[in-house]
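Residue-level listing of the chains:
Number of protein chains: 2
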Amino acid sequence: MELHDLVLQGDRRAIARLITLVENGDPGVQSSLDALFPHSGQAHLIGVTGSSGSGKSSLVNQLVYYLRREEPSRRIAVLAVDPTSPFSGGALLGDRIRMRELAEDEGVYIRSMASRGALGGIARAASSAVQILDAAGYEMIFIETVGAGQSEVEIASLAHTVIVVDAPGMGDDIQAIKAGILEIADIIVLNKADKPGIEAAERALRAMLMLVEPNQEWIPELILTVAVEQKGIAGVARAIADHKRYLTRSGKWDQKVAERLKKELDNQIQTILWQEWKNRLEPGYFQGVFDRLVKRQLSPNQAARSLISQFMKWNE
Amino acid sequence: MELHDLVLQGDRRAIARLITLVENGDPGVQSSLDALFPHSGQAHLIGVTGSSGSGKSSLVNQLVYYLRREEPSRRIAVLAVDPTSPFSGGALLGDRIRMRELAEDEGVYIRSMASRGALGGIARAASSAVQILDAAGYEMIFIETVGAGQSEVEIASLAHTVIVVDAPGMGDDIQAIKAGILEIADIIVLNKADKPGIEAAERALRAMLMLVEPNQEWIPELILTVAVEQKGIAGVARAIADHKRYLTRSGKWDQKVAERLKKELDNQIQTILWQEWKNRLEPGYFQGVFDRLVKRQLSPNQAARSLISQFMKWNE
Numbered sequence: 001m002e003l004h005d006l007v008l009q010g011d012r013r014a015i016a017r018l019i020t021l022v023e024n025g026d027p028g029v030q031s032s033l034d035a036l037f038p039h040s041g042q043a044h045l046i047g048v049t050g051s052s053g054s055g056k057s058s059l060v061n062q063l064v065y066y067l068r069r070e071e072p073s074r075r076i077a078v079l080a081v082d083p084t085s086p087f088s089g090g091a092l093l094g095d096r097i098r099m100r101e102l103a104e105d106e107g108v109y110i111r112s113m114a115s116r117g118a119l120g121g122i123a124r125a126a127s128s129a130v131q132i133l134d135a136a137g138y139e140m141i142f143i144e145t146v147g148a149g150q151s152e153v154e155i156a157s158l159a160h161t162v163i164v165v166d167a168p169g170m171g172d173d174i175q176a177i178k179a180g181i182l183e184i185a186d187i188i189v190l191n192k193a194d195k196p197g198i199e200a201a202e203r204a205l206r207a208m209l210m211l212v213e214p215n216q217e218w219i220p221e222l223i224l225t226v227a228v229e230q231k232g233i234a235g236v237a238r239a240i241a242d243h244k245r246y247l248t249r250s251g252k253w254d255q256k257v258a259e260r261l262k263k264e265l266d267n268q269i270q271t272i273l274w275q276e277w278k279n280r281l282e283p284g285y286f287q288g289v290f291d292r293l294v295k296r297q298l299s300p301n302q303a304a305r306s307l308i309s310q311f312m313k314w315n316e
Numbered sequence: 001m002e003l004h005d006l007v008l009q010g011d012r013r014a015i016a017r018l019i020t021l022v023e024n025g026d027p028g029v030q031s032s033l034d035a036l037f038p039h040s041g042q043a044h045l046i047g048v049t050g051s052s053g054s055g056k057s058s059l060v061n062q063l064v065y066y067l068r069r070e071e072p073s074r075r076i077a078v079l080a081v082d083p084t085s086p087f088s089g090g091a092l093l094g095d096r097i098r099m100r101e102l103a104e105d106e107g108v109y110i111r112s113m114a115s116r117g118a119l120g121g122i123a124r125a126a127s128s129a130v131q132i133l134d135a136a137g138y139e140m141i142f143i144e145t146v147g148a149g150q151s152e153v154e155i156a157s158l159a160h161t162v163i164v165v166d167a168p169g170m171g172d173d174i175q176a177i178k179a180g181i182l183e184i185a186d187i188i189v190l191n192k193a194d195k196p197g198i199e200a201a202e203r204a205l206r207a208m209l210m211l212v213e214p215n216q217e218w219i220p221e222l223i224l225t226v227a228v229e230q231k232g233i234a235g236v237a238r239a240i241a242d243h244k245r246y247l248t249r250s251g252k253w254d255q256k257v258a259e260r261l262k263k264e265l266d267n268q269i270q271t272i273l274w275q276e277w278k279n280r281l282e283p284g285y286f287q288g289v290f291d292r293l294v295k296r297q298l299s300p301n302q303a304a305r306s307l308i309s310q311f312m313k314w315n316e
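First to last, the protein sequences are chains L and C. If you're matching positions, the first sequence starts at 1 in our numbering and goes up one per residue. If you're matching positions, the second sequence starts at 1 in our numbering and goes up one per residue.
Some hints could be false.
You can't tell identical chains apart in this list, so a pair holds if it fits in one copy or across any two.
[Stated by the list, open to error] Cut-off 25 Å, straight-line C-alpha distance, at most; resulting in silico cross-link-like pairs (BS3-like, lysine-lysine): (1) 244 / 262; (2) 252 / 263; (3) 278 / 263; (4) 263 / 231; (5) 195 / 244; (6) 256 / 231; (7) 256 / 244; (8) 295 / 256.
No lab work stands behind these hints, which were simulated from the structure alone.
Assemble the whole structure, with the sequences as input and the hints as a guide.
The structure is reproduced here in structure tokens:
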């Protein structure tokens, strides 16, 4: 039986193996992804982002536990794209116990992916992993990223619903990053609500929220939680369900899906153009042009145009 | 007189105008960049990266002031690619006084660039801005970035010499990021050396340094500073000069220049391929393929290949 058939049957080892092949950039993987694609598009994708100090892994942990008990037939996957995530190994003791329960739950699939690598490479791999989990029948897929850079924002924007997690006492750096990331938030969780500085943090967040598109139909909801004590988790679960209903009713669900596919198509085109280009390059000709670049007889732009016109033409 | 002729004469307003055109992605700018390119390649490019809490802007500030007094004929430029940089407006009082002195110094050119925008776009714009300043005759160009993501690392790697700035008391997040960024460091500055926790921070850095390629010819130097009190600045200036001598003697200077040009050529090729592709796309044909993608009759990869074969062919 082919690997993708096993994935469609929900075989956990087949899923793990296919995601590893995707991570390694194995070229043979494309036919499996093509075969799985028609079966994807059912899952609710939920991006969870925020700095690692915010406790977003604990939140995901508790949310999955809650959602499984609320509806035991619902299968849930977690994709942690964050080297500092406890899902990647560094869990606190309390989390670890809960995570062991999750790990033994057949209805839950947890996977971490390394986030170092080529620019855009991880976004592409995460996108394929999500497709695999979607085709394998997971109804909710949490995608956890550390909200520190452009590619993390890109990964989060794959999701139908984006949760941004914050906590009191984060540094100024995080504040600057946060302003950018709040723009993509559908739900904002202010975690560690039992810690000092919570009032100031809430005030600051509400002030920032006022600046982010005041007239939209869905006003991002701000929810206070203490994830490690399971406080506020039900509220987040309810907000996720509310947001899904809003997306479906308003037609935004289909719109988001189309946007995501458009972005993925663009990525694929860029990747293929670049790879095919590299495959066709003659080292000798390239070296001649490159030498003239190093001597500054050609500018980078002039060198690029000269190489491109040598190796391809457009169908006019 | 053409804009690029004015830039070659060191006209500050012409420099500012050309960099703004680059930032705005003005298509007419390419001919100026092409004309300037043969005059570039002289400057020592120094990347300075680290989180904003590390005081890297104060360090650059004091370094430039020191280097100008050490050698008054030497012209220096600062390119701050960091929205949280004091050079972009948020300076502390002490810094602001020093920065005013720098701002009135005809031998110093300071410019900040926004770091939000298209993925890779800022790296490209920064690279062009550096070329402009280089052609305009600045002998040392500091490129300041906030060390939080892939594109910042990419910008820093433009430089001949990379300085990573750290300080005691930064969060765990920063630690995780730091491990990645230390790999590109030529000089490591541990700033705020008068603050509590300095011994632990130094120990942690030295331990991390042991893990980063132990057998290289240039061992990254660790220097303690208190930038706001001008302590340790001379040591950093000396390390920069040492590193330049090392690069020249070992042949690494030319090697780094070639690597940078190769990377820039690759970027140009990718950009041109993508832009030419978009220019030629027929909306109707694209929509037909995209509709089949949304219906999941084609996978993103299949849709991309179908579109590419329709609009271009390779010279075999």
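At most 25 Å between C-alpha atoms: does residue 278 with residue 263 qualify within a copy, between copies, both, or neither?
-> This pair counts as both: shortest intra-copy Cα distance 23 Å, inter-copy 14 Å.
Is it within, between, both or neither when you check residue 263 against residue 231 at 25 Å Cα-Cα?
-> Neither way: residue 263 and residue 231 sit 37 Å apart in one copy and 49 Å across, limit 25 Å.
Status of residue 244 relative to residue 256 across identical chains (alpha carbons, at most 25 Å) | The answer is within: 12 Å in one copy meets 25 Å, while 51 Å across copies does not.
Taking 25 Å as the upper bound on the Cα-Cα distance, should residue 256 and residue 231 be classified as within, between, both, or neither?
-> Classified as neither; 31 Å inside a copy, 54 Å across copies.
Between residue 295 and residue 256, at a C-alpha cutoff of 25 Å, which is it: within one copy, between copies, both, or neither?
-> between (48 Å within a copy, 14 Å between copies)
Given identical chains, is residue 252 near residue 263, meaning Cα to Cα at most 25 Å, within a copy, between copies, both, or neither?
-> Within one copy only: 16 Å inside, 40 Å across.
Can you give me the call for residue 244 and residue 262, within, between, both or neither, at a CA distance of at most 25 Å?
-> within (21 Å within a copy, 46 Å between copies)
Taking 25 Å as the upper bound on the Cα-Cα distance, should residue 195 and residue 244 be classified as within, between, both, or neither?
-> neither (31 Å within a copy, 49 Å between copies)
The structure fails to meet hints 4, 5 and 6 from the earlier list, while all remaining hints are met.
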